[in-house]
Each structure stands twice: as structure tokens, then as C-alpha cells.
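Novice: Chain A is fixed; fit chain R onto it per the hints.
Chains A and R, in that order, give the protein sequences. Residue 121 in numbering that gives the first Met the number 0 sits at position 122 of the first sequence; the count goes up by one each step and never skips. Residue 179 in numbering that gives the first Met the number 0 sits at position 180 of the second sequence; the count goes up by one each step and never skips.
Please note that a few of the clues may not be correct.
Identical copies go unnamed one by one, so any copy, or any two together, can satisfy a pair.
What the hints assert, rightly or not - Below, a list of computed lysine-lysine pairs in the DSSO-like style, where the Cα atoms sit at most 27 Å apart:
1. K209 x K169
2. K144 x K271
3. K271 x K214
4. K167 x K296
Source of the hints: derived by calculation from the structure; they are not laboratory data. Since the structure is predicted, the reported quantities are computational estimates derived from the model, not experimental observations.
Protein chains: 2
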Amino acid sequence: MPATSRRFLLAAVPVGLPKESDFKLVEAPLPAPDPGQVVVKTVYLSVDPYMRGRITGVRTYADPVHVGELMVGGTVGQVIESRDPSLQPGDYVVGAWGWQDHVSAPAAYLRKLNPQVAPVSTALGVLGMPGMTAYFGFLDLCQPKAGETVVVSGAAGAVGSLVGQIAKIKDCRVIGIAGADDKITYIVNDLGYDSAFNYKTTTDYGARLKDLCPKGIDCYFDNVGGVISDAVFTLLNPFARVSVCGQISQYNLQSPEQGPRLLSQILVKQLKVEGFIVTRFQERWAQGIAQMAQWMKEGRIKYHEDIVEGFENTPRAFIDMLEGKNTGKMLVKA
Amino acid sequence: MPATSRRFLLAAVPVGLPKESDFKLVEAPLPAPDPGQVVVKTVYLSVDPYMRGRITGVRTYADPVHVGELMVGGTVGQVIESRDPSLQPGDYVVGAWGWQDHVSAPAAYLRKLNPQVAPVSTALGVLGMPGMTAYFGFLDLCQPKAGETVVVSGAAGAVGSLVGQIAKIKDCRVIGIAGADDKITYIVNDLGYDSAFNYKTTTDYGARLKDLCPKGIDCYFDNVGGVISDAVFTLLNPFARVSVCGQISQYNLQSPEQGPRLLSQILVKQLKVEGFIVTRFQERWAQGIAQMAQWMKEGRIKYHEDIVEGFENTPRAFIDMLEGKNTGKMLVKA
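Only chain A is shown next, with the shape it has when bound in the complex:
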């Protein structure tokens, strides 16, 4: 095992869109494993929108990452030394040891992966946190019924690309909103979205949505917020359900944005609007992963990974993801 690990610490609380200089690469001693621990070499790092919310310096649903602390995140790696009988060198594991290229960690904090079942990178995507976010966040909160119209914002991202496919499995009509023409092509041609539009080249979202959703909208899975959600809300049907998964349009604002008040629409249309953090479904995670794996095997769920090579490029990959440069799941290969 190496004597040190490379780690990215938070160097500054970002103002607006994070910069690479908001993170600092350091070398830290890698402790020898205690009994019950293993040493893992990082293979994949996940970069996800939620991370922006963890580096605002303010407590939200969890304590923030403070300046000088290791950046958090989901990770997949390979065991290179083991002092626990449950794991052998060569085994792949998934965990959340953050932005570091090696770690000594208790085996109990890691989940062993079977590379025969699916590529190990999927433990950070379709068979991991983003997959469970899509699966439970959509099915539990939206309760979609066959024939209903579902709109997904951030439709080509790690979560949105799965939500649309799950909605198709549930026999819904599915409309996606994304920010690039190739993303639109991808989600319609490859993933089976019924239709989609590029919000960056569309001026009147309301008119476009009305066109694509002649029967109104019954379920809205929101990754984005802001003016896109404003437009969707005006077309929600009575008793529509909104699953609030992300608000990426708001994460880099330097002062909170005002918008049209939504409570009157929530009242008159008897809407149910619910937010969630995926950890609330932790007890049913295994069941969700089994179902997603089954659908993948049947060819009903596809996924795409955008992989950035090189541990040192993790901050750049994170920033690119926040700017919507990825299609599907954004990963770093260490």
C-alpha cells in the first residue's frame, strides 16, 4: 500500500459556480489498516448536483463540508489490503469515502460489488444513489398511473434519464426537458421519451409544454426548479403530484431568486408537492436495486456514463456537471 493518499479538500466556500481553486489537492498519510479495516484504491468517483448544496457553508439536511475538510462523495474502489475476513484484495467495493484516491476504512462501511452482475461503475449510477433517487423518488412520491402524462426536468442527467424510462415502464406518456440538442436526441431515440425539448433554444416553455402535453401534466419530477418549474406548474392537472428532487437552476445563485407564488395553484388544483433526500428510502434500497437490475437485464432500462479520466480532474468534472455538460451519469476514473 502507498504511504499517502491524495485528497481534495474544500479550499473556499464557492461564490456562484464553483471554480477549480475552490478545491485544494493535498497529500495526506494513509494509515495502515486496523483490524476490521481494509485499504481501498479508488477506481471511480461520483460527482453529483447535491454536492453543491453541501459546500454552501450552511447546514441544510446535513452539516456542511467546512473549508479545509475532505470533499464528500460516493466512490467505487478495489481492495488492495485487508484486515477483515469479509473482503479480499482484488474485491470491488462501493462506499462514500469522498474525493481521495486511497482510503483505509472499516469493511463494515463498504458494500462488496459483483462485477459479473454489472460493471462496478453502475454502483454510483443506475444501481446506486442516482438509481434509487429515480426509483423511489418517482414511484413513491408521484404514484404514476398508466396513461398519465409525466414531465421530467434535467431529463438527460443521471437521475432524469432513469425517471423517464421508469415512467415508460409504467405506461405513462413522458416528456423531457434538457439543455442540449444531443441530449434531446438521446432521450427520445435511445431512452424512449415520447417527446422532449431543449430549454436553451426554446423561448416560450409554457407554449411548448402545452403543445407536448395536450392533456395537461399529472406528474412532475423536478431536478431543476426556477422558470422551468414555473411553466410546468401552470399546466399541472388537478391532483397532480410533484416530486422535488433537485433545484439545480438555483444552486449557484448568489442571492435567492423571486418567482411567481405557487401556493394558490397548489390550493386550487389540489396538488401534492413533496421534496425528498434519497437516504429516507435506505431501508428499501436493496429492493430498489434488485428491480432496477432486473429491468436492465430485460433491456428496459439503459444508462449512459460520461467518464472523465484522472483523479486530479475531479473538481473540473464536478463543475462541468453543474453546467450540464454531461449526458447521463458523470464519473471520474481515478
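Specialist: Below, chain R without anything else, positioned relative to chain A:
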């Protein structure tokens, strides 16, 4: 039976706060009852916030009252002639024949009242639509648990005054927001609210709420919306539930108001925000009325009526109610 009935028609779609001239008093022929019908003399008319939403000229959850049409509303009356075996002259009934002082109506559309059980006026309040709005809208949507903190806006109104009492029955800590010092005194001293404040004489709602809700807010029953709800949202706890019953602060606005975006808070705090129209609970109405009547008998639910004398004063009473001049249920005695 008289040959005619007096009726208030909508004369104009109100701009901002309705004026008396937005309604027109006319005399219309009162048809003789067909078989199965009865003639009823109106005794009480209900004026309620929801009526403002019905006269905007725009379809919401129901078709609007058009100019020239009879104004809608709940009513209690006494049968003066009957061609149906189920009702006799002298019987009291509740229905929704709108702003008219007599009506010929099918007996099947009316519900007979027992004046021995409760004053017949309560069929328009605690044992009627406002009572069921409070009962189901609070218990079903907020799912309050003992020890939780509940905030009610419009806390001294027909619905809010009942919500607070139901919350106390469920062993919650209950904070009310209302717009007059005598209302504050009433809900704390007579109805048992733990505390309350007058939003018209308070400048910093957030600070006041923080003071009164040291453990944050778990349930919010919203009759008001606008800046009051903005302040409440900032203090909602993780997994808090919001029942959106009314938005009276917004009803008379001539252009929609902007406000802070709420979806980020809904996301991060995993809130559930749900709107409702009381008719959705219609099938369980009898059960709700039985429970409220039982609580009244036990002295655990009190109610107050503000009664305006004279059918011709119905528009004035409606406007006064929209301006918050009532405590408890606003009624007109015809």
C-alpha cells in the same frame, strides 16, 4: 308562498376587493314546486373566502359564476311548502341555493337538520363546510402527532378557529396568526391556542414565530399565503406538512404577486405541501360531522358566529369577511 324571490346576481367581475355594486339585487318569479320539490325560505346565508375565487371570471376547480348569474353559496332555510314526503313545512334544511331569499328545490338536494342537536346555523359552520374543511384538511393532510408544533394562519376565522382546537385535542402546541388584538385574545383565552400574534401590529414575522416556536414548526395550516406563509416556511422542520386551505392575502390582488421560491425549501427539508378543496372528503362528511358534534358536546370545540341581519346586506357581509372583520363564522340572517 310568495310569488317572487329576491336574488343577488353577479353584476360585474370584481377588480381587487369586491364592491357592493359588483352584485345586483333582483326580484325573480318563484316557481311553484313540482312533485319531489319543496319551497324553502332562507334563514341563514354563508359568506366564505372561497367565493372570491368563484367570481374571477376564470375557471379554477369549478366553473366561475358569470355576470348575470345567481351568486353561489351555502344556505340554511325553513320549508314553507312541500311536495315531497321527506320534508314538512317547518322543517329546517341545509343546502347550497345561493344568495336568494326563497327557493323551489328538489328535496333530494337538501339535508334535513335537527334543531335539537345544535342550532341550525351551525350547519354552515362548525357542523358544515368550514367544520369539515378544518377536520379533514388538518387531520388528513397534516397528520399531526402529539407534541408537534402547529401554526394556523387566519386563526380566528371560521376554519382556523376550529383547526387550532382540533390540534389541541391532538395534544399539539398551537400558535395562531390573526389580524386583530381582540381575535388574538379570543383564540388564546377562549379557544386554548398556546400563543398567537397580530400580524398587523408585528413587523418581523420570522422573529416572532421563532420566539413562539422554539422547536420549529411541524404542521402549517394555511388560510392566508403571501408574506405570512413565507415566514412560516423558513421555520418548518424536516418532514413538516403544509395543508394549503386558503390564500386570502392573494384573492384581491390585481396582478399576481412574486415571492421567494419555495421549492428549494421543500426539497431540502423534505416537506409535503398539499392543497385541497373540501368536496374531496364528501364521502366521509357524515363521520366528520359526528366527531365534531361529539367534541362540541364534550365542550372541547367552541365556535363563534358573527351574524349580519338582513338579506339585503349579504354583499356587505361578504366584503367585510374578505377584509377580516369577522371572528369565527360570518353569516347573514335573512
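Novice: Each of the hints needs a verdict: does it hold here or not?
Specialist: Hints, verified against the model:
no., hint, verdict
1, K209 x K169, "within (22 Å within a copy, 44 Å between copies)"
2, K144 x K271, "both (15 Å within a copy, 20 Å between copies)"
3, K271 x K214, "both (19 Å within a copy, 25 Å between copies)"
4, K167 x K296, "within (16 Å within a copy, 54 Å between copies)"
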